[in-house]
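The listed protein sequences correspond, in order, to chains A and B.
Counted from 1, the first sequence has number 165 at position 165 by my numbering; the numbering is strictly sequential.
In short: position in the second sequence from 1, add 357, done, that's my numbering.
Keep in mind that the hints were calculated from the coordinates and are not lab data.
Where hints are given, some of them may not hold.
[Stated by the list, open to error] Pairs of lysine-lysine residues, derived as BS3-like cross-links and limited to a Cα-Cα distance of at most 30 Å, are as follows:
no.: 1; chain 1: A; residue 1: LYS40; chain 2: A; residue 2: LYS82
no.: 2; chain 1: A; residue 1: LYS209; chain 2: A; residue 2: LYS333
no.: 3; chain 1: A; residue 1: LYS333; chain 2: B; residue 2: LYS521
no.: 4; chain 1: B; residue 1: LYS468; chain 2: B; residue 2: LYS449
no.: 5; chain 1: A; residue 1: LYS40; chain 2: A; residue 2: LYS72
no.: 6; chain 1: A; residue 1: LYS108; chain 2: A; residue 2: LYS209
no.: 7; chain 1: A; residue 1: LYS108; chain 2: A; residue 2: LYS355
no.: 8; chain 1: A; residue 1: LYS151; chain 2: B; residue 2: LYS521
no.: 9; chain 1: A; residue 1: LYS333; chain 2: B; residue 2: LYS520
no.: 10; chain 1: A; residue 1: LYS151; chain 2: B; residue 2: LYS520
no.: 11; chain 1: A; residue 1: LYS72; chain 2: A; residue 2: LYS151
no.: 12; chain 1: A; residue 1: LYS72; chain 2: A; residue 2: LYS82
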Amino acid sequence: MTLSIVLVTFAGFWFPLIMAGLVFAVSLGVAAYSTYVERKFAAFLQDRLGPSRAGPWGILQPLADGVKMVMKEEIIPNVSNKFLFILGPAIAMLTALMTGAVIPWGPKINIGGEWFSLQVADVNIGVLYLLGVVSIGVYGIMIGGWASNNKYALLGALRASSQMISYEIAMGISVITLIMLSGTLQTSEIAAQQHGFWADGWFTWNFFKNPLTFLIFFICALAETNRTPFDLPECETELVGGYHTEYSSMKLGFYLFAEYVNMFISSAVMSLFFFGGYNFPFMDELSNHPNLVAVIGAASMLIKTLFFVMVFMWIRWTIPRFRYDQLMNLGWKILIPLSLANLVATGITMWATGKIG
Amino acid sequence: MTTTEILFFILTGIAFFSGAMVVMSRNPVYSVLYLITMFFAIAGHYILLNAQFLAVVHIIVYAGAIMVLFLFVIMMLNLNKDTEPHNPPWVKIAAVIAGGMMMATLVGALKETATPLTKTNYDTTIGTVERLGNVLFSDFLIPFELSSALFLAAMVGAVMLSKKNIH
Numbered sequence: 001m002t003l004s005i006v007l008v009t010f011a012g013f014w015f016p017l018i019m020a021g022l023v024f025a026v027s028l029g030v031a032a033y034s035t036y037v038e039r040k041f042a043a044f045l046q047d048r049l050g051p052s053r054a055g056p057w058g059i060l061q062p063l064a065d066g067v068k069m070v071m072k073e074e075i076i077p078n079v080s081n082k083f084l085f086i087l088g089p090a091i092a093m094l095t096a097l098m099t100g101a102v103i104p105w106g107p108k109i110n111i112g113g114e115w116f117s118l119q120v121a122d123v124n125i126g127v128l129y130l131l132g133v134v135s136i137g138v139y140g141i142m143i144g145g146w147a148s149n150n151k152y153a154l155l156g157a158l159r160a161s162s163q164m165i166s167y168e169i170a171m172g173i174s175v176i177t178l179i180m181l182s183g184t185l186q187t188s189e190i191a192a193q194q195h196g197f198w199a200d201g202w203f204t205w206n207f208f209k210n211p212l213t214f215l216i217f218f219i220c221a222l223a224e225t226n227r228t229p230f231d232l233p234e235c236e237t238e239l240v241g242g243y244h245t246e247y248s249s250m251k252l253g254f255y256l257f258a259e260y261v262n263m264f265i266s267s268a269v270m271s272l273f274f275f276g277g278y279n280f281p282f283m284d285e286l287s288n289h290p291n292l293v294a295v296i297g298a299a300s301m302l303i304k305t306l307f308f309v310m311v312f313m314w315i316r317w318t319i320p321r322f323r324y325d326q327l328m329n330l331g332w333k334i335l336i337p338l339s340l341a342n343l344v345a346t347g348i349t350m351w352a353t354g355k356i357g
Numbered sequence: 358m359t360t361t362e363i364l365f366f367i368l369t370g371i372a373f374f375s376g377a378m379v380v381m382s383r384n385p386v387y388s389v390l391y392l393i394t395m396f397f398a399i400a401g402h403y404i405l406l407n408a409q410f411l412a413v414v415h416i417i418v419y420a421g422a423i424m425v426l427f428l429f430v431i432m433m434l435n436l437n438k439d440t441e442p443h444n445p446p447w448v449k450i451a452a453v454i455a456g457g458m459m460m461a462t463l464v465g466a467l468k469e470t471a472t473p474l475t476k477t478n479y480d481t482t483i484g485t486v487e488r489l490g491n492v493l494f495s496d497f498l499i500p501f502e503l504s505s506a507l508f509l510a511a512m513v514g515a516v517m518l519s520k521k522n523i524h
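This is chain A alone, in the form it adopts within the complex (with noise of 0.2 Å):
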């Protein structure tokens, strides 16, 4: 048997879990520097220094505050069930580490003459798994703000549901029009749809395709992961801490670090679904060369999602908390019937341009 034979057998056992395990790795470590990164940010806009002690540019702080976050008491409330008080923040993890699994993170690459996506799992329904785990999340702050039984965590998980359900809803229609336009329900085929940067006259990414709906997805996106101005459910000034609360040590941890995760993966689907996915300018020029292709489609598709995040973070540090009825307004009446009508017009021009019959 000569190498890469082996090399092949071993990579198509081996590879969807290799695949699985990176994304993994990606998503925490993504995640645990991007908290890092946030209060730096943070500092530049406040004109602070930021965290600077530990390592050369304060570059360590993640780590030690997941080692604090791990060495400290944990506390359990007496009155709360046990049980659904530790299943909240593990629903949380779970369904945010869960969505990583339908991204494409690059296109298909050759390891001794076969090809392998740089994916977890193609499944032909990725669209809808990746809003039926968002629809789940919500359990894991629901639960968690029950099981706490604090009138504070109680109100900032119900806020937290009622919010998420409200903007699920215009998200939901917004991705259906995306879907109209690109036809399929695979996340691997729409990637391919937006292939390179320019085609017959107009460019292929989906945003410019249809911008309105990248900014009803984006304003969902902000609500779904809590992000200001939609942050009350944890909510300082009102709630102490919101649907954690009575958290302490790893398991607030975990929450927190959820909402990071949630803020990656939400930020790679908008590059996936509009910007091109792990599309970039002249990859057609390089075309001889595969697996270049598929390192720099990676790597674009990793900077446009790190783009995304720093826009989270943006907008965090400049725009003000949202009332609670103003919220709730945009959701209802502006979202909504917005995302409606984009929908409508979107089916009558794709009629009119005779895309379908």
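Given the coordinates of chain A, assemble chain B onto it according to the supplied hints.
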């Protein structure tokens, strides 16, 4: 036993256990959580039948939307003190008889189906999105549109009922 069979029995066990616990839990919040667990087990069964679309839509609609609202209302009304009153015995007996009759009807209806599904005649593409979409927008177009009109009417009705003053 094949992997599919092992998975089938595990999922069935979970579904039966959580279904029983929905009825037997004293605390309504636990009932709702067991019901959600059962929905996940049933979604697992759909995936075993290769009906991925049905499985995911089942999760999105039932576990992701309807049960969140259930949980929401129960938490909001603070029903988490075990306050449920004991029903008189005849109510329990009547409930068991009614449920048993329902099951008998279902079993009878299933026995009457023309071709029982086996491993050989089961069409594995029947649950895919393409098949479903084609059937839904050709053979069942009118029922599909009518049911969406019904949903719209129900939604408008709910909004009207929840409004305090209608001028």
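Could you tell me which of the numbered hints above are not met by this structure, giving the numbers in increasing order? 1
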